[in-house]
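Protein chains: 4
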Amino acid sequence: MSVLLEFSMTPLDKGESVSKYVSRSLDIIDQSGLPFSLNPMGTVIEGQWEEVMKVVKDCYDKMNSDCSRISCMIKIDARKGKDGRIKSKIQKIETILNKDLNK
Amino acid sequence: MSVLLEFSMTPLDKGESVSKYVSRSLDIIDQSGLPFSLNPMGTVIEGQWEEVMKVVKDCYDKMNSDCSRISCMIKIDARKGKDGRIKSKIQKIETILNKDLNK
Amino acid sequence: MSVLLEFSMTPLDKGESVSKYVSRSLDIIDQSGLPFSLNPMGTVIEGQWEEVMKVVKDCYDKMNSDCSRISCMIKIDARKGKDGRIKSKIQKIETILNKDLNK
Amino acid sequence: MSVLLEFSMTPLDKGESVSKYVSRSLDIIDQSGLPFSLNPMGTVIEGQWEEVMKVVKDCYDKMNSDCSRISCMIKIDARKGKDGRIKSKIQKIETILNKDLNK
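Protein chains in written order, with our numbering: chain D, 10 to 112; chain B, 10 to 112; chain F, 10 to 112; chain L, 10 to 112.
The set of hints was computed from the structure by calculation and includes no laboratory data. The structure displayed is predicted, hence computed values, not measured ones. One should not assume that every hint holds.
The list makes no distinction among identical chains, and a pair is therefore deemed to hold if it is satisfied within one copy or across any two copies.
[As the list claims (entries may be wrong)] Only pairs whose alpha carbons sit at most 25 Å apart, straight line, appear in this in silico DSS-like list of lysine-lysine:
# : residue 1 : residue 2
1 : LYS101    : LYS89
2 : LYS96     : LYS108
3 : LYS23     : LYS71
4 : LYS89     : LYS108
5 : LYS96     : LYS63
6 : LYS101    : LYS91
7 : LYS23     : LYS101
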């Protein structure tokens with residue numbers, strides 16, 4: 010079962026600008042070697058359950074090292090027999106609409 | 010760091026009535042021994058990261074055994090030096106408002 | 010179509026303790042007159058789309074008055090021909106499992 | 010207050026393949042004229058609260074016309090004095106890491 014997982018993780022004790030902490034997570038995600046896609050509200054990664062959850066845990070451990078309250082949202086779409094959906098889900102919608110949706 | 014985790018997990022290939030599958034998850038949660046609280050939109054459990062994530066994984070493995078597409082939402086609130094928040098968060102709001110909010 | 014809506018709304022610029030702001034939202038929710046249920050991770054309300062969204066908007070307007078960054082999560086479950094699900098969804102699971110899940 | 014809103018909306022009574030319904034929503038979003046960005050797990054739109062919520066409501070009304078159970082997730086990040094964040098949030102992370110994150 011291939012898993013698409015989107016998540017965002019934010020410290021609540023560091024004020025309203027948190028890009029320093031988000032950047033550290035993105036560095037961990039990038040080094041995981043899993044396919045990922047950053048969007049304005051979170052990051053989508055693709056892999057097996059254990060693989061994608063390990064990345065989230067690594068980001069949590071890092072944030073846990075110097076933050077005292079952490080908020081995290083995770084959204085998962087798991088589907089049997091389908092890989093590469095990090096690209097194909099968008100392409101399928103574009104094909105149906107016959108439109109390029111990310112100009 | 011104590012973690013409050015709320016999650017809901019739903020098969021997308023079993024039609025609009027999914028209580029059979031939700032019940033199986035609740036049975037797994039109940040048997041985990043962790044404090045939990047069921048609400049109309051999900052279940053909140055409390056524990057360390059590894060503990061609460063193991064419960065979610067166990068529910069996923071069970072659903073994965075006979076469902077071909079699974080959607081899952083997870084919301085996490087982790088806070089240093091605070092245990093028992095599964096009860097105390099609600100009590101704090103009720104104290105501030107001087108009202109019983111779950112009549 | 011009856012809507013169950015769970016939401017949580019948090020300022021990001023007020024430090025890690027935000028119960029003052031959450032309490033104000035609960036007061037607005039309570040005064041809306043809609044059925045609601047507070048849990049450790051959010052509040053579930055039931056009504057028509059316009060009704061439940063108005064409550065969320067009222068909470069946002071209040072928080073907007075003195076906060077400069079706001080994070081909000083909304084989860085919706087809408088189902089035709091079913092009212093009173095704020096109570097019946099939990100009861101159905103308890104009936105299937107033949108267990109009281111909120112001891 | 011400029012709002013970034015990410016949402017996904019799915020019928021639960023149409024089987025595991027729902028791209029037909031997602032496409033209809035994307036068409037509504039595209040015609041709204043608001044800046045948007047499609048990702049593998051949802052769509053991010055930017056505007057004022059009333060503007061972005063109207064788009065979500067229009068998608069709901071369409072799905073409501075022929076679906077009997079609808080699940081919807083909405084995530085909001087509202088911040089004073091900042092527009093154009095649908096592009097700038099990603100750029101800021103890339104600048105901090107000195108890396109192009111969407112190869």
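Problem set entry | Homo-oligomer pair classification [LYS108, LYS89; C-alpha up to 25 Å] | Neither: 27 Å inside a copy, 32 Å across copies.
Problem set entry | Alpha-carbon proximity context of LYS23 and LYS71, limit 25 Å | Both, since 15 Å and 23 Å are each at most 25 Å.
Exercise. Quick one: LYS101 to LYS89, C-alpha cut-off 25 Å, is that within a copy, between copies, both, or neither?
Worked result: Result: close within a single copy only, 17 Å intra versus 29 Å inter.
For this session: With 25 Å as the alpha-carbon cut-off, assign the pair LYS23 and LYS101 to within, between, both or neither.
Result: between (40 Å within a copy, 17 Å between copies)
Exercise. With identical chains treated as interchangeable, where does the CA-CA distance between LYS101 and LYS91 reach 25 Å or less: within a copy, between copies, both, or neither?
Worked result: within (13 Å within a copy, 33 Å between copies)
Exercise. How would you classify LYS96 and LYS63 at a CA-CA limit of 25 Å: within, between, both, or neither?
Worked result: Answer is within; shortest intra-copy Cα gap is 22 Å, inter-copy 28 Å.
For this session: Can you give me the call for LYS96 and LYS108, within, between, both or neither, at a CA distance of at most 25 Å?
Result: Classified as both: same-chain Cα gap 15 Å, cross-chain 21 Å, threshold 25 Å.
In the structure shown, a violation is registered for the earlier hint numbered 4 alone.
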